[in-house]
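Novice: Sequences are here, hints too, so could you generate the full structure?
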Amino acid sequence: SLSFNLSALWERLDRWGRAVGNIVSLHRSAYPIENLRVFFLGDVLQGELVDKQMMLDELEIPVLEQADVFVDVVRRIAKPAKELDLSLRMYGVPGNHGSVRRPPLSSSSNWDLVAYKLAETAWPINIPLSGVDYLVADVTGTRFLLKHGHGIPMSSTVPFYGITRRAVLWSKSIPVPWDVLCLGHFHTMNVLTYDTIPIYMNGTFVSDDEYVRSRMGLESDTEQWLFGVSPKHGVTWQYRIWLKDTHGVKE
Numbered sequence: 530s531l532s533f534n535l536s537a538l539w540e541r542l543d544r545w546g547r548a549v550g551n552i553v554s555l556h557r558s559a560y561p562i563e564n565l566r567v568f569f570l571g572d573v574l575q576g577e578l579v580d581k582q583m584m585l586d587e588l589e590i591p592v593l594e595q596a597d598v599f600v601d602v603v604r605r606i607a608k609p610a611k612e613l614d615l616s617l618r619m620y621g622v623p624g625n626h627g628s629v630r631r632p633p634l635s636s637s638s639n640w641d642l643v644a645y646k647l648a649e650t651a652w653p654i655n656i657p658l659s660g661v662d663y664l665v666a667d668v669t670g671t672r673f674l675l676k677h678g679h680g681i682p683m684s685s686t687v688p689f690y691g692i693t694r695r696a697v698l699w700s701k702s703i704p705v706p707w708d709v710l711c712l713g714h715f716h717t718m719n720v721l722t723y724d725t726i727p728i729y730m731n732g733t734f735v736s737d738d739e740y741v742r743s744r745m746g747l748e749s750d751t752e753q754w755l756f757g758v759s760p761k762h763g764v765t766w767q768y769r770i771w772l773k774d775t776h777g778v779k780e
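Just so we're aligned, residue 530 is where the sequence shown starts under this note's numbering, counting upward by one.
Bear in mind the hints are in silico, worked out from the structure with no lab data behind them. Some clues are possibly wrong.
Derived DSS-like pairs: lysine-lysine, alpha-carbon spacing no greater than 30 Å straight-line [said to hold, decoys possible]:
1) Lys611 <-> Lys646
2) Lys611 <-> Lys761
3) Lys608 <-> Lys646
4) Lys608 <-> Lys773
5) Lys701 <-> Lys761
6) Lys761 <-> Lys646
7) Lys761 <-> Lys608
Computed spacing ranges between beta-carbons, pair by pair [unchecked claim]:
8) Ile703 <-> Pro760: 19 to 25 Å
9) Gly746 <-> Gly670: 37 to 43 Å
10) Leu658 <-> Gly746: 34 to 40 Å
11) Arg694 <-> Ser637: 24 to 30 Å
12) Leu721 <-> Glu612: 31 to 37 Å
13) Leu617 <-> Pro760: 16 to 22 Å
14) Met683 <-> Glu563: 35 to 41 Å
15) Asn655 <-> Pro760: 19 to 25 Å
16) Glu612 <-> Ser684: 41 to 47 Å
17) Leu658 <-> Asp601: 23 to 29 Å
We treat Cβ as the ideally placed atom computed from N, Cα and C, and that holds for glycine.
Specialist: Set out below in structure tokens:
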């Protein structure tokens with residue numbers, strides 16, 4: 530895209546790492562922080578489905594090279610955790626860009642899952658069981674439901690009715706208890722509470738996504754959430770890390 534390529538990815542990962550370091554150091558002045566949990570919410574690879582998920586000129590490298598890049602991404606994410614002496618765990622769920630879309634296929638035929646497996650050479654990543662597209666990550670007693678979100682319907686490119694409706698249905702239908710919903714897919718940063726369910730929508734490292742702009746008229750939010758979790762009170766603070774902004778962090 531106009532503003533996103535491999536060089537931009539490395540710069541934004543470095544900015545993310547510096548922001549995490551600054552925030553952890555700030556809060557450590559008041560109380561100990563010992564753990565870092567990283568949620569990959571799908572679409573860690575762009576895939577190769579031209580005209581279904583991207584334009585031809587947005588396909589910079591083939592999918593196997595994309596997987597190699599993701600392994601380097603995991604190494605760079607692990608670096609600030611090591612420098613800060615944090616216990617690190619990673620979790621990953623599949624997105625729609627990783628779909629191969631050539632039936633008949635196993636429901637686990639997804640490039641994201643392949644990338645998570647390859648990345649184990651850099652750091653272990655917890656992934657769903659075969660046939661399941663979600664994970665529940667327990668962070669000091671608060672249980673986060675990790676879903677990509679591509680099955681949620683939108684109305685005129687607005688996803689919020691579909692998201693809140695699915696959150697309520699999943700609270701009853703998913704057999705594993707959970708407290709907080711985390712979604713990717715929509716390229717939109719947001720946090721809301723519906724029927725007592727906190728819902729976090731994450732942004733993306735990608736900017737100037739012409740496929741999203743032409744099909745939906747939207748621009749991606751180039752941001753990532755970082756939040757603190759208390760054993761007694763759940764999520765107690767949150768920051769929006771701006772990956773394009775030189776300031777790096779927005780509270």
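Novice: Each hint should be assessed against the structure and marked as holding or not.
Specialist: We went through each hint and held it up to the structure:
1. Lys611 <-> Lys646: Measuring from Cα to Cα gives roughly 21 Å; hence the hint holds.
2. Lys611 <-> Lys761: Roughly 26 Å between the alpha carbons, so the hint for Lys611 and Lys761 holds.
3. Lys608 <-> Lys646: OK: Lys608 and Lys646 at ~19 Å, within 30 Å.
4. Lys608 <-> Lys773: Holds - the C-alpha atoms of Lys773 and Lys608 are around 20 Å apart, at most 30 Å.
5. Lys701 <-> Lys761: At roughly 24 Å apart (the allowed maximum being 30 Å), Lys761 and Lys701 satisfy the hint.
6. Lys761 <-> Lys646: violated, 34 Å
7. Lys761 <-> Lys608: holds, 29 Å
8. Ile703 <-> Pro760: 19 to 25 Å: Since Ile703 and Pro760 have Cβ atoms about 23 Å apart, the given range 19 to 25 Å holds.
9. Gly746 <-> Gly670: 37 to 43 Å: holds, 41 Å
10. Leu658 <-> Gly746: 34 to 40 Å: Given range 34 to 40 Å: holds, Cβ gap about 37 Å.
11. Arg694 <-> Ser637: 24 to 30 Å: holds, 27 Å
12. Leu721 <-> Glu612: 31 to 37 Å: For Leu721 and Glu612 the Cβ distance comes to about 34 Å; the hint holds.
13. Leu617 <-> Pro760: 16 to 22 Å: Given a distance of about 18 Å, which is inside 16 to 22 Å, the answer is holds.
14. Met683 <-> Glu563: 35 to 41 Å: For Glu563 against Met683, whose Cβ atoms are near 39 Å apart, the range 35 to 41 Å holds.
15. Asn655 <-> Pro760: 19 to 25 Å: holds, 20 Å
16. Glu612 <-> Ser684: 41 to 47 Å: holds, 45 Å
17. Leu658 <-> Asp601: 23 to 29 Å: At 27 Å between Cβs, range holds.
The structure shown violates just one earlier hint, number 6.
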